[in-house]
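Asker: The task is simple: from the sequences and hints, build the whole structure.
One letter stands for each residue in the lines below.
Protein chains: 2
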Amino acid sequence: MNKGFENVKGTYDYLPEKQIIREKIKTVLQSVFIKYGFAPVETPIICMYDLLASKYSEGADILNEMYKLSDQGQRKLGLRYDLTITFSKLISSNPNITLPFKRYEIGKVYRDGPVKLGRNREFTQCDVDVVGVKSMMAEAEYMMMTTEAYKKLGIDIEIEFNNRKLLSGIIMMTLGNISDDVLRKSIMLIDKFAKLTRKELVVEFEKMGISEDKLEELFEILNLDYGSLKERLSKSDSELISEGLSEIDELYAYLAGSKALENMKFAPYLARGIDIYTGTVWEIFVKGRKVANQDFNLSIGGGGRYDKIITTFIDDGNEYPAVGMSFGLDVIYEILVLKDTDKKVSTVDLYVIPFGTSVESFNFVSKLRDAGVKVDIDKSDKKLKKSMNYANKMNIPFVIVLGEDEVASNTVKIKDMDAGTESSFSLDDIEGIKKYIEN
Amino acid sequence: MNKGFENVKGTYDYLPEKQIIREKIKTVLQSVFIKYGFAPVETPIICMYDLLASKYSEGADILNEMYKLSDQGQRKLGLRYDLTITFSKLISSNPNITLPFKRYEIGKVYRDGPVKLGRNREFTQCDVDVVGVKSMMAEAEYMMMTTEAYKKLGIDIEIEFNNRKLLSGIIMMTLGNISDDVLRKSIMLIDKFAKLTRKELVVEFEKMGISEDKLEELFEILNLDYGSLKERLSKSDSELISEGLSEIDELYAYLAGSKALENMKFAPYLARGIDIYTGTVWEIFVKGRKVANQDFNLSIGGGGRYDKIITTFIDDGNEYPAVGMSFGLDVIYEILVLKDTDKKVSTVDLYVIPFGTSVESFNFVSKLRDAGVKVDIDKSDKKLKKSMNYANKMNIPFVIVLGEDEVASNTVKIKDMDAGTESSFSLDDIEGIKKYIEN
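Residue numbers (the numbering used here), protein chains in the order written: chain A, 1 to 439; chain B, 1001 to 1439.
Hints are supplied without guarantee of correctness; some may be wrong.
[Claimed, not checked] In silico DSS-like pairs for lysine-lysine, Cα to Cα no more than 25 Å straight-line:
| hint | chain 1 | residue 1 | chain 2 | residue 2 |
| --- | --- | --- | --- | --- |
| 1 | A | K382 | B | K1134 |
| 2 | B | K1374 | B | K1386 |
| 3 | A | K259 | B | K1434 |
| 4 | B | K1152 | A | K382 |
| 5 | B | K1386 | B | K1339 |
| 6 | A | K152 | B | K1108 |
| 7 | B | K1134 | B | K1290 |
| 8 | A | K367 | B | K1393 |
| 9 | A | K108 | B | K1108 |
| 10 | A | K383 | B | K1134 |
| 11 | B | K1374 | A | K134 |
| 12 | B | K1374 | B | K1116 |
| 13 | B | K1108 | A | K68 |
| 14 | B | K1339 | B | K1152 |
| 15 | B | K1382 | A | K308 |
| 16 | A | K265 | A | K134 |
| 17 | B | K1151 | B | K1339 |
| 18 | A | K195 | A | K265 |
| 19 | A | K24 | B | K1235 |
| 20 | A | K116 | A | K339 |
| 21 | B | K1308 | A | K434 |
| 22 | A | K18 | A | K134 |
Everything labelled a hint here was simulated from the structure, so no lab data went into it.
Answerer: Pasting the structure below:
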């Protein structure tokens, strides 16, 4: 009887059929991160409560959703809710670290919040950040890395991007003299420009005391492509606007002629919600917002420049400009599953079933493993049919039944489980068997 | 000013120099696990308290050292203290899982206990288990897999092994009619046979009411090699002893002539502490108990057969025989560091320093990356010397300085940072540069 133990809400078991795909995603991402000069780090999941409570201005939400605990020494602790907080801590505790510091971390984070599609309580973040680079070359590198990573994962993407300086400049130019608070709220609202109707936006702006007539020009600009927008703003005397435009121009200069550029779409309304960003921001979507003919509007990654947060966190008089992004492991997994619903996966290529020859079979399998073949051996005393069924259920592509006759004649037959065909090999022809299986 | 945030006691940041080695260990282990037919799973770190409290007879200790927490819904939760508990849960919640089920999991576990060398509060376990196999072929597979894994990690090992049925049988035969409790305590005591003096052992046994004269035969047998022990016990009518001996014989039969056998040492006193084992047990040590001329007595892995625990946990009338082992990631890391104290590591092979040519350099680097070269580019406006220093500090083996002259002449010089030599290549000769760097 199942004792009825359940997983904590919003946490999951990943059985091999799922985990094999998740591991594949991690391996692809890691190899691309490394190629672009990011090195791995690992930071703790349990942290001092004070560290976790120190970071965000939107602290209240984070604090409510933080899992809190204490140890036997009654210290106040918590589980990390993102990897940026432990990354900031790592930089601040290593004052002699060589900058620029480029790291990636793939690790679990925790939020005790509402559970829905794409939002779990325990989930894995893949974060890639650089500290100590002012040049837009950093952003250009992220665009190219993103393009390569998703290409290797077989996912066509679209990268929406913007610049927060430009966005702030446009808002202040069009809405006139507004408070920091209204600016901040306007940014968060405009972030939903593509999702809300014009009417809904107007209603929300009116709640902040901004009348519809003032929004006309703003909305018009937000609908422009980059060329037209640049022309339109060419006579602006806003420093934010000119800095924003020049940063975008610099980014374009690095990306000229690259494959990344083909995926990029300027989105002057994009803010990426979170307060911390100070320059470039981007958000990644599946191209055409469809996977296997189903709508797929979830963001599958994104990032931006945040020049102030680590600077403020460390507060030693130096500047710590930073750019970082996240790849969504869970959402990428969902896409790969939707795309390949029929694909069977097995980690081994061959299954050897002994038939009265367990020691000989075990030796045979050992030789195959020494040669690098991924192979498993039946260890039951089951009927042959049951063992064949097992190989079938596990989707193992090739099977060898090794009976006394095979040992005596020094010959084995490899059964191709998909094709239903059989091929004969000498029992000693390890290399031949390996070649046949791996082709 | 560093704000003074500290890590929770017994938890650590792993900077790239460490993490690169840890990732390498994981990669090696995973590839070997997969070759032997074990597939990856992932289970939650936060679990229901009742699940975590359900497992061990030595529950009190575990419960004290468990990190406990609750969520916003006031559910009682805890952090897992090992991977066996979530593995048992996974098997029990998937009653239709295909057996034998072979999985590995590499994940973090938590124990709020004393911190010392080899014992942290947050640590990573690498567990490899199979459920549903009675045959000693399972154990034989573990011995071969262990041998291959440590060989690939460059660590010479010794595997001490024993059989718990044999050990129990010997104790009951020599000490006579003893209670289950005394048997259990005797096993735990004898587990320290190689560490305690004879006198210390006698004192401890006397506390249990067992006098020295009864211990004579026991101690004598525990000093025998397998051949002599088998002969000595050949006339025993203990069923436990004969089962234990026949299991060891079966294991030897599978391993005859293998490399694994050369590493194995029969240790009739070995129990592996933990109560759960029912048959074969083994513990892995560095050969000669020395690393880089320093004593190294810590166990670096181990495992055993536990036929009862999942059976009891699931309690559905079926048997769930199981064998499993752990590889100690943290301790393996310590060994590799001790062995290669001088070894410098960099994840990239080449560093390109633009000198007034940032766009051209960025394009050059992009081409190298497209060709698969692991390369980074200097993004500062630093003086050349500072950029060279950076490459040096990061231990990057090759450097290219790309100035306007190099662009004009379409030629680059690759500096070998170790040898101090330079080699010239055409700027377009991406394949030539790749080949040179990767050799």
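Asker: Which of the listed hints are broken here?
Answerer: 4, 5, 6, 7, 8, 12, 19, 21 and 22
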